[in-house]
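Trainee: So you can see what is in the structure, the chains are spelled out below.
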Amino acid sequence: MVVWEPRIENMPPEELEALQYRSMKTLVYRLYSFSEFYHARMRAANVHPDDIRSLKDVTKLPFMSKKDLRDGYPDKTFAVPRKEVVRYHASSGTTGKPTIVGYTKNDIENWTNSLARSLTSIGLGPNDVIQISNTYGLFTGGIGFHYAAERIGAAVVPASTGNTERQIELIQDLGVTAMAATPSYMLHLGEVAERMGISIKNDTKLRVGLLGAEPWSIKMRDRIEDWLGVKGYNCYGTSELSGPMFSECSERDGIHIWGDMAYVEIIDPETGEHVAPGEKGEMVLTMLQKEALPIVRFRIGDITSIDPEPCPCGRTHPRIRRIFGRVDDMLIVRGINVFPSQVQHTLMSIPEVGEHFQIIVERKGTLDTMLVKVEIKKEAFTDNIVKLMEIRERIAHRLKNSLNVGATVELVEPGTLPRYEGKSRFVVDKREF
Amino acid sequence: MSEMYHIKQLSIFSENRPGRLASVAKAIKDEGINIFAFSIAEGAGYGVIRMLVDQPEKAFAKLHGMGYIVRYTDVLALEMEDRPGGLYDAIAYLGEAGINIEYSYAYSGRKCAVLIIRVEDIDSAIEKLLASGTRLLEMSQFT
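Taken in order, these protein sequences are the chains called A and B.
Each step along the first sequence adds one to the number in my numbering, with nothing skipped, and position 205 is 242.
Each step along the second sequence adds one to the number in my numbering, with nothing skipped, and position 27 is 30.
Hint data in this document are derived by calculation from the structure and do not stem from the laboratory.
Treat the hints loosely; a few may be bogus.
[Stated by the list, open to error] Within a straight-line C-alpha distance of at most 20 Å, the following computed EDC-like cross-link-like pairs (lysine to aspartate or glutamate) qualify:
| no. | chain 1 | residue 1 | chain 2 | residue 2 |
| --- | --- | --- | --- | --- |
| 1 | A | 415 | B | 141 |
| 2 | A | 415 | B | 60 |
| 3 | B | 131 | B | 6 |
| 4 | A | 62 | A | 42 |
| 5 | A | 104 | A | 307 |
| 6 | A | 424 | B | 124 |
| 7 | A | 410 | B | 18 |
| 8 | A | 414 | B | 141 |
| 9 | A | 317 | A | 405 |
| 10 | B | 65 | A | 416 |
| 11 | A | 317 | A | 365 |
| 12 | B | 65 | A | 228 |
| 13 | A | 424 | B | 45 |
| 14 | A | 415 | B | 77 |
| 15 | A | 424 | B | 60 |
| 16 | A | 93 | A | 305 |
| 17 | B | 29 | A | 450 |
| 18 | A | 268 | A | 305 |
| 19 | B | 65 | A | 87 |
| 20 | B | 114 | B | 141 |
| 21 | A | 414 | B | 45 |
| 22 | A | 410 | B | 45 |
| 23 | A | 424 | B | 99 |
| 24 | A | 238 | A | 210 |
| 25 | B | 65 | A | 305 |
| 26 | A | 437 | A | 416 |
| 27 | B | 11 | A | 87 |
| 28 | A | 415 | B | 18 |
| 29 | A | 113 | A | 87 |
| 30 | A | 424 | B | 84 |
| 31 | B | 32 | B | 77 |
| 32 | A | 424 | B | 141 |
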């Protein structure tokens, strides 16, 4: 098994922690001295770089969030002079004002390197043809994979999103072996291929899916593998990290967060305190080597946990488990916390329905009502209306059991619920508070 | 040998929203297919459109290609006389013979009236009905 940077990736845990501490210390001094934003933040929190005497002291530093990047639009949170910036990306701004992220030469290098390690850890190399079906452009999804795939010597097909028929032709004609996409796009591609009379499993060489950018379950991964013959590897990154991205290794048991680049904490979203080791909570990241736009104790909003066990692949860097949900995707329905991922998980256990769904929450009088729309599978359709009703009731019953809150279920035709080629939007909340 | 009495009905899953039925009807029209009989069963938020057409394979391919869930369901077509009492005469025997109707609809054709029924065990129903002298239409009479 090839390791891209064995000296770093297999570093003994104590050495890695020492390296993280040194990087953290350097980062904090640099920011305190050269960034107006961070200087003011640290002063307000009454913390000085000298107070950071161990990795644990990181908790003395204030959190930051997406709001800080929005308020600092376009580049007030940057920590280098403009001449050192070599690239900008921007977030879509669907949830508010857009945010700008920036990169120095070293930032791009680290980004490329983080994914070169990941692709290698999955077993990809110069013999592979990698189709990048994430959006290129202002969104950071496509271009990071592109650089990394070239770095490891693979051939890149920069397909970006859309024009699925053409994408399928390219997969066949160029012998594409791996593809970077969202899991829902992967399934969409499978559906379109089937309509074209092409089986991804039997008629193409596609075997690896670098999948991420939206929550997905193990069952969805299994379906992609059984149906399309594509092994899905969970990838993680957000534009705010502006650069490094992470993925599962060949073990497919958690995402390696490269410790020399990022320091992970898991907190209780309510209290801000660390949760017990291995417990689920909100992920907080500090990017240790970022130059243009450093982020310190950034509350990403994703819910996950750290797997404390060493990975059988030999890499010593901490692994996070799957993203369980988003702090801000969490719905409160009749006082009960509901994560769309729970709904997804429940639906995947019901053979008659597909993986696409939509939750619609309304308030009738004072009572919240939750409607779950789900696509019935072609094979499950029966002419018998009573049997269809039974399917519906069974789904409603299972949802009630797993969510502790009742939902009405509506069966819809396959292919009619919205598919997003970026992040999936599972929830329509029509309540007015 | 009773195979010829299996009438290929198309069953289409459809969400209950405006324009859905028109979309199915237009597709059938565009293919130049004639509809003999037709019914909608209503579920919660969805329905099942059932129809008999003169070119079932062509209709199936068209609707399937449009992304509809379509399925063939075998039904029986009982000939009825188009006069008062015609329905009673056609079905009086069913209860006696223990044949349970899952669903049913009817139309008045040029030559006679036709009762479409869906039963659980189609072959035993055919046997019993033929023995009782009930006239069943054959698939070939529809195409």
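Trainee: Give a verdict on every hint.
Mentor: Going through the hints against the structure:
Distance hint between residue 415(A) and residue 141(B) is unfulfilled; the C-alpha atoms sit about 29 Å from each other, more than 20 Å. A C-alpha spacing of about 17 Å is found between residue 415(A) and residue 60(B), which places the hinted pair at or below 20 Å, so the restraint holds. About 14 Å separates the Cα atoms of residue 131(B) and residue 6(B), which keeps this hinted pair within 20 Å; it holds. Straight-line distance between C-alpha atoms of residue 62(A) and residue 42(A) comes to about 24 Å, which puts the hinted pair past the 20 Å bound.
Taken as a hint, the residue 104(A) and residue 307(A) pair is honoured in the structure, with Cα atoms around 17 Å apart against an allowance of 20 Å. Among the hinted pairs, residue 424(A) with residue 124(B) is consistent with the structure: their alpha-carbon atoms are about 17 Å apart, no more than 20 Å. Using a Cα cut-off of 20 Å, the hinted pair residue 410(A) and residue 18(B) holds, with the two alpha carbons roughly 11 Å apart. Proposed proximity of residue 414(A) and residue 141(B) is contradicted: the alpha carbons are some 32 Å apart, above 20 Å.
Restraint check: the Cα-Cα separation between residue 317(A) and residue 405(A) comes to about 27 Å, which exceeds 20 Å; the hinted pair is violated. Only pairs whose Cα atoms come within 20 Å are accepted, and residue 65(B) paired with residue 416(A) is accepted, the gap being roughly 18 Å. Of the pairs offered as hints, the one joining residue 317(A) and residue 365(A) holds, with about 16 Å between alpha carbons and a cut-off of 20 Å not exceeded. Under the criterion of a C-alpha separation no larger than 20 Å, the hint pairing residue 65(B) with residue 228(A) is consistent with the structure, at around 17 Å.
Note on residue 424(A) and residue 45(B): the hinted pairing holds, with a Cα-Cα distance of about 13 Å set against a maximum of 20 Å. A distance of roughly 18 Å separates the Cα atoms of residue 415(A) and residue 77(B); the hinted pair therefore holds under the 20 Å criterion. Annotation: proposed proximity of residue 424(A) to residue 60(B) is violated, straight-line Cα distance about 25 Å (limit 20 Å). This hinted pair checks out: residue 93(A) and residue 305(A) have alpha carbons roughly 16 Å apart, not beyond 20 Å.
The hinted pair formed by residue 29(B) and residue 450(A) meets the criterion: a straight-line CA distance of about 18 Å does not exceed 20 Å. As the CA atoms of residue 268(A) and residue 305(A) are separated by approximately 33 Å, the hinted pair breaks the 20 Å bound. Between the alpha carbons of residue 65(B) and residue 87(A) the distance comes to roughly 73 Å, so the proposed pair goes past 20 Å and is violated. In summary, the hint linking residue 114(B) to residue 141(B) is supported, as the alpha carbons are separated by about 14 Å, within the 20 Å threshold.
At roughly 19 Å between alpha-carbon atoms, residue 414(A) and residue 45(B) fall within 20 Å of each other, so this suggested pair holds. Taking the CA atoms of residue 410(A) and residue 45(B), the gap is about 17 Å. The hint holds against a cut of 20 Å. Taking the CA atoms of residue 424(A) and residue 99(B), the gap is about 27 Å. The hint is violated against a cut of 20 Å. For the hint pairing residue 238(A) with residue 210(A), the CA-to-CA distance comes to about 15 Å; that is within 20 Å, so the pair holds.
Only pairs whose Cα atoms come within 20 Å are accepted, and residue 65(B) paired with residue 305(A) is rejected, the gap being roughly 54 Å. Distance hint between residue 437(A) and residue 416(A) is unfulfilled; the C-alpha atoms sit about 25 Å from each other, more than 20 Å. At most 20 Å may separate the alpha-carbon atoms for a hinted pair to count; residue 11(B) and residue 87(A) exceed this at roughly 82 Å. In summary, the hint linking residue 415(A) to residue 18(B) is supported, as the alpha carbons are separated by about 14 Å, within the 20 Å threshold.
A distance of roughly 25 Å separates the Cα atoms of residue 113(A) and residue 87(A); the hinted pair therefore is violated under the 20 Å criterion. Pair hint residue 424(A) plus residue 84(B) does not hold up; C-alpha atoms about 34 Å apart against a cutoff of 20 Å. At roughly 23 Å between alpha-carbon atoms, residue 32(B) and residue 77(B) are farther apart than 20 Å, so this suggested pair is violated. Pair hint residue 424(A) plus residue 141(B) does not hold up; C-alpha atoms about 28 Å apart against a cutoff of 20 Å.
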